[in-house]
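Trainee: Now for the letters of each chain:
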Amino acid sequence: MVSNVEGIAMGDVHDAPRMADMLSAFDWSKTSLGPRSDWPTSLSTAVDIMMASGHAMCLAWGPERTFLYNDAYIPILGKRHPFAFGVTFAEAWPDVWDEIKPLVDKTFAGETSTFRDMPLLMTRNGYPEDTWWSFSYSPVRGENGEVAGLLNVTLETTDRVKAERDRDAATAELQRSEVKWRQLFETLEEGFVLGQVIRDDTGQIIDWRYEEVNDAWYDLVGIERGCAVGQTIREVFPGVEDEWVLEFARVVETSQAIRFTRQVGDLQRWYDGVCQPAGADHFTVLFLEVTDRVNADRRREALAELGRMLTAIDDPEDIVRAATALIGRTLGVGRVGFGTVGEDGETFVVPSDWTAQDYPTLAGTYRMDDYGGYAQDLREGRTVIIPDIRLDPRTSGDTAPLESVAVRSLVNRPVREKGRTVAILYVNDGAPRDWTPEEVQFITDAGNRTWIALERRRAEKEARETAAFLSSVLAASTDCIKVVELDGSLSFMTDGGMKVMEISDFNTVRGCPWPEFLKESGPAYALEAIEAAKRGETTHFEAPADTYVGNPRHWSVSVSPILGPDGETARILSVSRDHTELQKAREQQHLLNGELAHRIKNTMSVVQAIAHQTLSKAEDQDAVAAFGKRLGALAAANDVLTRDNWSSARLGDVARKALETFGEDRFTLAGPDVMIGPRATLALTLMLHELATNAAKYGALTAPEGQVTVTWAVRRDGDKDVLDLSWVERGGPAAVEPTRKGFGSRIIRMGLTGSGGVQLRYEAEGLSVQATAPLYQIQEA
Amino acid sequence: MGQSQPLKRWPVLVVEDEPILRLDAISMVEKAGFEAVEALSSADAIQLLEERLDIRLVYMDLDMPRSRKGIEIAAAIRKRWPPIEIILTAAYFTRESVELPERAEFYSKPIDHDEVIAAMQRLIEANESRPA
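Heads up: the protein sequence lines correspond to chains A and B, in order. Here the first sequence stands for residues 1 to 781, numbered as in the working numbering. Here the second sequence stands for residues 1 to 132, numbered as in the working numbering.
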């Protein structure tokens, strides 16, 4: 059989002619074998054996190599069956005869040929399929010992060949894959380790050995390539954490893969890893260095944690303590502190700092300049980053002060406020360290947040204290302090205010219109005051109002605007002070003053009456009349003074009152609102009375058109204010200086204070008088 | 003084509880040319006015403490005897602080004699020329 032979089965095996039947039915006489009855025993025996066999067999017998086969052989023949039965071997396989003839000849020469796994495309199940066969050509001896025939025993090996092919393909695939994985393994960015655990006598895993390690792993952990293979982890990393052994041991023992993120030893590096069992005490570990990611995570988490702490902690010192500890642990440094810088930019105060083990604290008060040449950078707000103080020009000059407190590298982050460095967050380490921009950013963020939190706490504390202080002040006040909205409604009242107003629950008056609490002119005053407050003005008035339970009170009320953020009046502050007692006293005083004025004037009247009666027969009745009029002038001054309880009077009022009886249309009075004391009031009254009396007798008032102008003004003279008062008569006769100087003249010359300062000019147009006196003298009591 | 011809010596009622001031007022009335009729209190005054129907002018002190308020008496006189002229005086009150009855005049104590005498004459003259 050869590879290009095609065999096709003839339909269903059960329907095909059975070879035993064909053997019997076949007319063998026409073949070189002759009738069956004549067949030699060897042939019959060979045929019998063949026909009985389940293996595919065929037999070529005799000089013509007559071809016989059994049932199992039919599929191999394909459509050659049943023609091939009983023909010559050459006729049965004409197309391959040339190829097999030498084999056939060799077999008839006594040799046995064996073939393995010859392919044959066979259609036996309705479709062509690849089949493989192993067969042997073996000689069959005749009665005389000669080779009479050839027996071909055929075994189908398709399944085995296929299995072997699959296996070979798999093996090839495996090899290709191994190459591929090996390349991957070598080019992997991830570190890869194949390890084998090491057990002690009791079978306990105590260590493991590096069997395979890729370059990436060496690079990741920073070990020279090739140095680890053959060594154990404890040898490579003396003092390595036990987890590195125990966890991988667990992987081997349980055949369960694990994932981990872990720091390796002193290297400050972090790894993500997967450890998988690899059979027979082996395991693989895939490493990826994630130090940056882990650190970034830690910093991010630290900032988040810082945020939580800053919100949760109230005490400023606790805030600093917690923040510095968090920063220190996150960065894995030796010391973190937060100090404040005095307004002088020089004093640096550190209440406390966080330190790693064996680092001394730097808590205390320092001069900024004591710590190297970077103080100016800090003052000007520049972050100072020094990886190694021995190499930095700002510190290399004298490293002793820093090294004495275990500072070899540092980051100092100034916190700025209003253009000034107000605090510094310092991060130190005893070893040189390359600070990454991310770490510096973290320090910056943490420092700023801490400062903001501290400032907020401080502000809150101040606000609380201020509020408590204000509240205690308000509560202590016996004034009724109220807040009134722009529409006049009450929105707030102090406890003290409620007490004096006899209000037990503010809610009973909240929102009520404030002006309506007042009586008499009070509501009008209050409305005016509200309008004034809306314009930004503070006003004051007095008015009566009953307390909430109806007790009458008199109030001194001050109303001022409460400005909003926009500078406009947002609300109104009304402070009412109980002036009831004061008002009573005032009323009493007023009553007494009135009574006193009455008695004085009454006494004056009696004096006047006595004078009149006494002098009724005297010759100089003019003098008597003059006396009466002077007394009248005195009484007029008394009236003016009584209005303000004898404390002071308006100059204008005094002048008007003094000149009242001389005809109001004859005088023009002009001058500022000046208050004068009681003595000046009497002096001015008597002086004006005399001047007016004279004017009526001899001066401007003798003429119908005559006029008197009285003006006054205050001017600055050196370091004091001076009052000038002038009396100018016009429209009357020319003034003539009197030859006789009586009491009236003397009163005039005494002036405003009784001590002169008066100039009289007798002019053709009329008399003019200038009286001058220091204002303070005029105003004194 | 202000008159063009001598006036009749009309009776003028002086109401003043202070004796010296009453004397002084009487002399003023006489100086003005009238007959003084004295009353020591407002009650006196009312009684006199009821009896002496010829009184044309009342000169009254408002300060009298022991009787009804002077200004009320004045108002009552004006109401009851409308033709009678009224001159009021006071030490306690001022011109501004009292509401004067119609046609009444007020002079603050201590009074100016000339002024009050002139006022008496002026009012009597006006009273005479008014149709009764």
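Treat each hint with caution, since some may be false.
[Said to hold, decoys possible] List time: in silico DMTMM-like cross-link candidates among lysine to aspartate or glutamate, alpha-carbon distance up to 20 Å:
no., chain 1, residue 1, chain 2, residue 2
1, B, K31, A, D578
2, B, K31, B, E99
3, A, K617, B, D114
4, A, K697, B, D114
[Unchecked claim] Partial list, computed: chain A residues near chain B (C-beta under 8 Å):
no., residue
5, I610
6, Q613
7, A623
8, A626
By construction, these hints were calculated from the structure, which means they are not laboratory data. For glycine and all other residues, C-beta sits at the position ideal for the given N, C-alpha and C.
Trainee: Indicate, hint by hint, whether the structure satisfies it.
Mentor: Taking the hints in turn, this is what the structure says about them:
1. B/K31 to A/D578: violated (56 Å)
2. B/K31 to B/E99: violated (29 Å)
3. A/K617 to B/D114: holds (17 Å)
4. A/K697 to B/D114: Within the cut-off at roughly 15 Å; holds.
5. I610: holds (6 Å)
6. Q613: Holds - the Cβ of A/Q613 comes within 8 Å of chain B, reaching about 6 Å at its closest.
7. A623: Violated: closest Cβ of chain B sits about 13 Å from A/A623, beyond 8 Å.
8. A626: violated (11 Å)
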